[in-house]
Amino acid sequence: MIRTEIRLAGSGGQGLILGMHILFRALGLEGKHAAQSQSYEPTSRGGFCYSDVIVTGNAADYPLVTHLDMMAGLSQTGVDRSIGLVKPGGLVIVDERLVPEPPKSGVRLLTLPIMARAVEVGSPRIANIIALGALVGLSGLCTRHSLEEAVRRETPKKFADLNLTAVAEGFALASAGTGLAHGDGAARPPHVVRADA
Amino acid sequence: MNEMVRTLEPFEIKDYLRLQLMPHFMCPGCGHGIALRALLWAVHELAIDKNKLAIVSGIGCSGRVGAYIDANTFHTTHGRPLAFATGLKLARPDLTVVVITGDGDCLAIGGNHLIHACRRNLDLTCLMLNNEVYGMTGGQVSPTTSANRLTTTTPGGNAEPTFDACKLAEAAGASFVGREVTRQAMALKNVIRDGIAHPGFSFIEAISDCTEIYGRKNDLGESPEMILSQKSDMRPEAFGNVADEPFRPNRLVTGILAKQARPEYGAAYRDYAVRVKSKPGRPR
Amino acid sequence: MSHAPTALHGNHACALGAIAAGCRFFAGYPITPSSEVAEHMSRELPHVDGTFIQMEDEIASLAACIGASLGGVKTMTATSGPGFSLMQENLGYAAMTETPCVIINVMRGGPSTGMPTRPAQGDIMQARWGTHGDHPVIVVAPASVQEVYTQTIRAFNLAEEFRTPVIVLYDEIVAHLMETVSLPAKGKAEVKDRKWATGAEVGFMPYAETDDLVPVMSRPGDGHRVHVTGLTHTPDGFPTQKPELADRALRRLVDKIELNRDRIDEVEEIETADADILVVAVGIVARAARRAVEMLRAEGVKAGLLRPVTLWPFPEAQVRNAAERASVIVVPEMNTGQLSLEIERLAGRGKRIRTIHRIDGEPIGPDEIAQTIREA
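These protein sequences, in sequence, are chains G, H and U.
Mind the numbering: the first sequence is residues 1 to 197 in the numbering used here, read in order.
Mind the numbering: the second sequence is residues 1 to 284 in the numbering used here, read in order.
Mind the numbering: the third sequence is residues 1 to 376 in the numbering used here, read in order.
These are calculated hints, taken from the structure and not from any lab test.
Among the clues, some could well be false.
List of simulated lysine-lysine pairs, PhoX-like, C-alpha gap at most 20 Å [what the hints assert, rightly or not]:
1. U:Lys186 to H:Lys277
2. H:Lys52 to H:Lys14
3. H:Lys167 to H:Lys259
4. G:Lys104 to G:Lys87
5. G:Lys157 to H:Lys279
6. U:Lys351 to U:Lys302
Covered stretches of chain U (in silico footprint by chain G; criterion: 3 or more residues with CB under 8 Å from a CB of chain G, positions within the stretch not fixed) [to be verified]:
7. 176-185
8. 360-370
Just so it is clear, CB atoms sit at the ideal spot from N, CA and C, and this is done for glycine as well.
When you get a sec, could you build the whole thing from the sequences and use the hints?
Structure follows, in structure tokens:
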């Protein structure tokens, strides 16, 4: 397995860490070795926060980010402070409202109405899962089935339906944004989506 | 406990002491020896097996008293004996755990541990020997040093107010609070005995004397004078011999000052564990 | 040996390791980034007839652990820098009274409140020298979630075997890192217990000088009625200030670790046999160093990594050996120079030492180490 580095960046309270727990779990369901880490500020809400997953073939491998293959950003600060780590041509998904000034060049950028969809289908709290769904949809990190199963295992029962709706929204955004989303989760590298915002 | 009917051997203090450590280190006239005797007498009356008795003490003159007791004795760090005792008692509910501490150990450096021990109400007995001074370190002011008294760190007389340790303990939740003076050894023994027998946290203040350092510095006389002055500080009705001393107004109230039935924490935790264990779906 | 792999955080693995090692008492106080250890212990302990208590501070937490351990139970507490500072008083007491206990210190940015949610390695020296006076201590430094589990068990075993406090030292990253670990089946972890005194109720010497310098312990209630004190004491447990007796007592404390190093030392060596450039690192930084070594080997550079797993006592012989073969030693660490002091002491004259120090709350990555090696 080629080492792949993925980040969800934003601010505290957006469920970024939970989002990456779900991805970690989904990868685990497929027998893939991964490590999940995060950085947050002392307050429970607000502040720069991110959560990373490293997919690797070697359990002893360095478990932290060195060069991001892809990221999703849910705050301007989250994007600004992570963008330097993204590999040239790496995939960057940002929310159209929360990240008013997306990176201008050097990455494959996709601006999506993540928060708008979250509010419309239920709650701003599911923006994390929509972003994750979009990332997985675009990248084929794991199958949609694995992601949904991981959502069921990692989130409270009473929110399962809402979170599964969020996964569907994420995949829909990915597919609408590109027409190339890997709904079946085939392990293909992320495609070029839009050259600019 | 007074109505308890039991045939007891007469109390012989040597049965409870580590005689190989004699002579002891306490100064002539020190009240701590009286408190030690009262404690051992109480242990005897309660027929506690020495092997099942744990004495946990802190640092200072009071902290050294425990070593003379022929039991499981733990001489711990300054101010912390209640915290050590909390761990010991939770791990070993079968032991009778008595903490011996002093006014500095218990109320200054250990004050936080005291109030939380009172709040938890674990079945411990805390015997605080109050001699109003840091004797071991040479006579510095303590949280119970009376107003205007001279110590090595209050050369112009103590200007700080004092703690009433019993009120503090009661307010913090101790389910048994008592106070006695070493002048009344029998009464002290009784209140210690009742405190140990009480299921829950018992706080007992024993008014002791430091004659060598504190007494001398403040011209309080030798041991007999200091002990008599304890008496004059007390409620006359506690003695029944009002006429023989010029009593000062009711400064010191003695006896069992507070007693209430509250859940004992060790048992409460064990009940909690049973409830948790019986719930299906253990979290992982 | 192992059953299905489980995804765990470092702090969760720590708690499960403790339970597997036989820990049945935990006293602690909330502090970032170690609180999850306490949270998991509070859930696990009732199920194994153990006791969890949240104390009023870290001083009381370690005191309660020592009290419970003296009562005969395996105990643990967990904390981070500020709380670890408060524990130093009773850490010394545990060392002096030879009371087994395990202290988890999850390092965060310091000094003082510092950066509570950021990693650091600023407690390497505090773990060794934090309490006053010469004292024995063992410190283990896991670098992965799997190792947090196995080293927590090992910490208990060492504490029991040598009657000493053992510190498990890792940082915020390892604490909150989620990795897949293999746990041994229930009851299958190798667990050691302290030696208990039996019989001989009269004349029992609680601190007798045994062959391996570790005295047997008396369990309260078994009839020995022992005295335990933080004062310097003779084999009978009672205080002494006689110079020759004090010297003998304190030397045994230090010697019981030094003379038993073959049972205590543990290092991991990667490609050190022919290494011209030797990296010495601990914890998460060692994992970055490992990747840097792999990168450089691919470039044809003879780099190697030596990682102390038992951090204290410091693996002096192992470091000397590897250092002898290398021409340059690189020491990356998340502090301004603690591990490097030991390396400078051991490397020998004229050896070139390159250090990397970060105190900004960010980990040292593989690229940074690789670049230093290339420039070395």
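Quiz prompt | Distance restraint between Lys186 of chain U and Lys277 of chain H, which requires alpha-carbon spacing of 20 Å or less | solution = Satisfied, since the Cα-Cα distance of roughly 18 Å is no more than 20 Å.
Quiz item: Within a Cα-Cα threshold of 20 Å, do Lys167 of chain H and Lys259 of chain H meet the stated pairing?
Solution: Roughly 12 Å separates the two Cα atoms, so the pair holds.
Quiz prompt | Proximity test - 8 Å, beta-carbon atoms, the region 176-185 of chain U to chain G, at least three hits | solution = With 5 residues in contact (Cβ-Cβ under 8 Å with chain G), the coverage given for the region 176-185 of chain U holds.
Exercise. Mind checking the alpha carbons of Lys157 of chain G and Lys279 of chain H for me, to see if they're no more than 20 Å apart?
Key: Satisfied, since the Cα-Cα distance of roughly 19 Å is no more than 20 Å.
Quiz item: Has the given pair, Lys351 of chain U with Lys302 of chain U, been kept, meaning a C-alpha gap of at most 20 Å?
Solution: Roughly 17 Å separates the two Cα atoms, so the pair holds.
Practice problem: Sort out whether Lys14 of chain H lies within 20 Å of Lys52 of chain H, counting only the CA atoms. | Solution: holds (18 Å)
Self-check item: Cβ contact check, 8 Å cutoff: the region 360-370 of chain U against chain G, three residues minimum
Solution: holds (count 4)
Quiz item: Is the hinted pair Lys104 of chain G and Lys87 of chain G satisfied, with a Cα-Cα distance of at most 20 Å?
Solution: holds (14 Å)
Hint compliance for this structure: every hint is met.
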